[in-house]
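Following the hints, complete the assembly by docking chain W onto the known chain E.
Chains as they are written, first to last, in the working numbering: chain E, 1 to 301; chain W, 302 to 543.
Just so you know, the hints here were simulated from the structure itself, not pulled from any lab data.
It is possible that part of the hints are untrue.
[To be verified] Just some of the chain W residues that point at chain E, by a computed CB distance under 7 Å: (1) Asp412; (2) Pro416; (3) Asn464; (4) Gly465.
[Stated by the list, open to error] Below, simulated DSS-like cross-link-like pairs (lysine-lysine); rule was C-alpha separation at most 30 Å, straight line: (5) W:Lys433 <-> E:Lys184; (6) E:Lys214 <-> W:Lys494; (7) E:Lys152 <-> W:Lys475; (8) W:Lys513 <-> E:Lys142; (9) E:Lys252 <-> W:Lys513; (10) E:Lys214 <-> W:Lys513; (11) E:Lys239 <-> W:Lys475; (12) W:Lys494 <-> E:Lys207; (13) E:Lys239 <-> W:Lys495; (14) E:Lys229 <-> W:Lys475; (15) W:Lys482 <-> E:Lys232; (16) W:Lys494 <-> E:Lys184.
No residue lacks a Cβ here, since even glycine has one placed at the ideal position from N, Cα and C.
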Amino acid sequence: MIAKKTKFLSKFQEKLESGEFAITCEIGPPKGAEDEEIKSAGEILKGLADGVNVTDLQSSVMRLGSLTTCHILKEMGLDPIYQVTCRDRNRLALQSDILSAYVLGIKNILALTGDFTNIGDHPQAEPVFDLDSVQLLWAIKKLEEGYDLAGKELTEKPSFFKGAVVNPGADTEAALELQIIKMKKKIDQGAQFFQTQAIFDPEVFIKFMERISKMDIDIPILAGIILLKSDKMANYMNKFVPGVFVPESTSKRMAETQDKIATCLEIAAEITNAVKPYCQGVHIQALGWEKHIPALIEKIK
Amino acid sequence: MMGQAQKPMPEILESLEGKEKVVIMGCGGCSTVFHTGGVEEVDIMEEILVKEGKDVKKITLPFAVFACYKPFSSMFIEKHKKDFKNCDAVLMMSCGDGLQTVRQILDEDMDIVKPFYPAINAMGVSGGGPSKFMEKCQACGECVMGRTAGICPLTECAKGLLNGPCGGTRTDGKCEVDPEKDCAWYLIYERLKKIGQYENIDNFNEPHDWSKSVTPRIFEREPLDIHKHLARTKKVIESLGI
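Only chain E is shown next, with the shape it has when bound in the complex:
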């Protein structure tokens, strides 16, 4: 697959598909009509991150849009990965925004289902979920073929480097098998790379990677790394962040440390270095601690 490709849609795709270890970072748009936060995070990540993931109203909290933020980052010379969730828009709006992204020069898309509305700051909002993440990838594939979901022909076709997510942290065989079944469906519908839910136990991730490689699933995977800022954050995530689990030993290290930043980066680097031989990259979620990413990258390169 790699050898046949002559032209890459983005620098991120080129990095990932040429087999080099890729590092992407996440930027959460601000809750307000401003772009300063984005620009300062962009300045930090410029030249360091192979791709910048822009979240789409993450945790169902209303904020500046993913598409606009991707555009700003693109203008700054970064390679944005446009996260699109199915929670807030129906198939008309999703297809339209995807075409808009292409016209703005955004070439990487990450298709997600999206968190449910009840965890966010507008729990009264009507959750849409007109499409699911597999159907969203199918819709993008159709657009790339030159047709919309109604079968109507487009004047010009877009083309994207398409990603999806998978949660490797299932405790039961059934839960893990279901995640892999869904992962296969996403690949069938055009997913070209995956990023995982945040990893805190490298063993779980390694077990998952061995499992899928036995099934001949061969696709670039970026392991999710969250900067754990405190033990409180660990407790919060265990309680409220769907699909994420922080082991007690990790949480304890953050509780006992005198230097939270140093220990946080140490934990992130340890996890990254443990999973590095098994995957094609990491996806770092700094959650406001973007300024510490250069130090982390130093530790994992």
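Below, chain W without anything else, positioned relative to chain E:
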């Protein structure tokens, strides 16, 4: 059945503020099963409103007599025509379906136009009982359960996902939205195995056709022969020794 719960009493009383003469009407269908508008609940509501100083007229519908079925409810409305005519407000102890059917009978057939207030919030097509119920159907107009082991993913999954569990599924296989509940796709997966259709789990399901659920959906049907059907019910009741 239509799952339902009574509105908080302060909300009901607030809606009836300034209304002196109130007609309360219950329902012998789902509202009786859910204890929101059966004979007993209407009696209790009457007591509360009388204590509040209201002049109350009540209409109770016996079990299995639906307020939302015009041939049934119109018989009771006819008997209470005077009460409706004289009242300041109608408090409906039924779902929105019953409320609007009764409202329409008064508006269109009797030319009695009154303010209506709901005492109930309807909460979806639910089954089960006698004490525990769960919403089971979206009434979407395009049933998919033949592909999903007789479990509706549009209802059982809060996100209505048609192609497997979301990434928010808890590591123990429970739902992101309700940690007490098994993931709908886990249930579908297990049941597909049991009925020998495990391979269906791999199928790609295209987006759902929501055009079938554009509201209001309107139906034309041959009217029911009520006497014939009630005679059948009577036989069943007799066979039960009631």
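Going down the list of hints, with the structure as the test:
1. Interface hint status for W:Asp412: violated, as the beta-carbon distance to the closest one in chain E is roughly 37 Å, over 7 Å.
2. The interface hint given for W:Pro416 is broken, as the beta carbon of that residue sits about 26 Å from the closest beta carbon of chain E, more than 7 Å.
3. For W:Asn464, the interface hint holds, since its Cβ comes within 7 Å of a Cβ in chain E; the closest pair sits about 4 Å apart.
4. With a least beta-carbon distance of about 4 Å to chain E, the hint placing W:Gly465 at the interface is held under the 7 Å criterion.
5. The straight-line distance between the Cα atoms of W:Lys433 and E:Lys184 is roughly 37 Å, outside the 30 Å bound, and the hint therefore fails.
6. For the hint linking E:Lys214 to W:Lys494, the alpha-carbon distance of about 23 Å falls within 30 Å, and the restraint holds.
7. For a cut-off of 30 Å, the pair hint linking E:Lys152 to W:Lys475 is broken: about 40 Å separates their Cα positions.
8. Our distance criterion of 30 Å between C-alpha atoms is met by W:Lys513 and E:Lys142, whose separation comes to about 23 Å.
9. A threshold of 30 Å between alpha carbons decides the hint, and for E:Lys252 with W:Lys513 the separation of about 54 Å lies outside it, so the pair is violated.
10. Distance check on the hinted pair: E:Lys214 and W:Lys513 sit about 43 Å apart at the alpha-carbon level, beyond 30 Å; violated.
11. Distance restraint check for E:Lys239 and W:Lys475: the Cα-Cα separation of roughly 13 Å lies within the 30 Å cut-off, and the hinted pair is therefore satisfied.
12. For the proposed pair W:Lys494 and E:Lys207, the alpha carbon gap of about 25 Å is at most 30 Å, so the pair holds.
13. About 33 Å separates the Cα atoms of E:Lys239 and W:Lys495, which puts this hinted pair outside 30 Å; it is violated.
14. This hinted pair checks out: E:Lys229 and W:Lys475 have alpha carbons roughly 27 Å apart, not beyond 30 Å.
15. For the suggested pair W:Lys482 and E:Lys232, the alpha carbons sit about 26 Å apart, so the restraint of at most 30 Å is met.
16. In summary, the hint linking W:Lys494 to E:Lys184 is supported, as the alpha carbons are separated by about 19 Å, within the 30 Å threshold.
Checked against the numbered hints listed earlier, the structure breaks hints 1, 2, 5, 7, 9, 10, 13; every other hint is satisfied.
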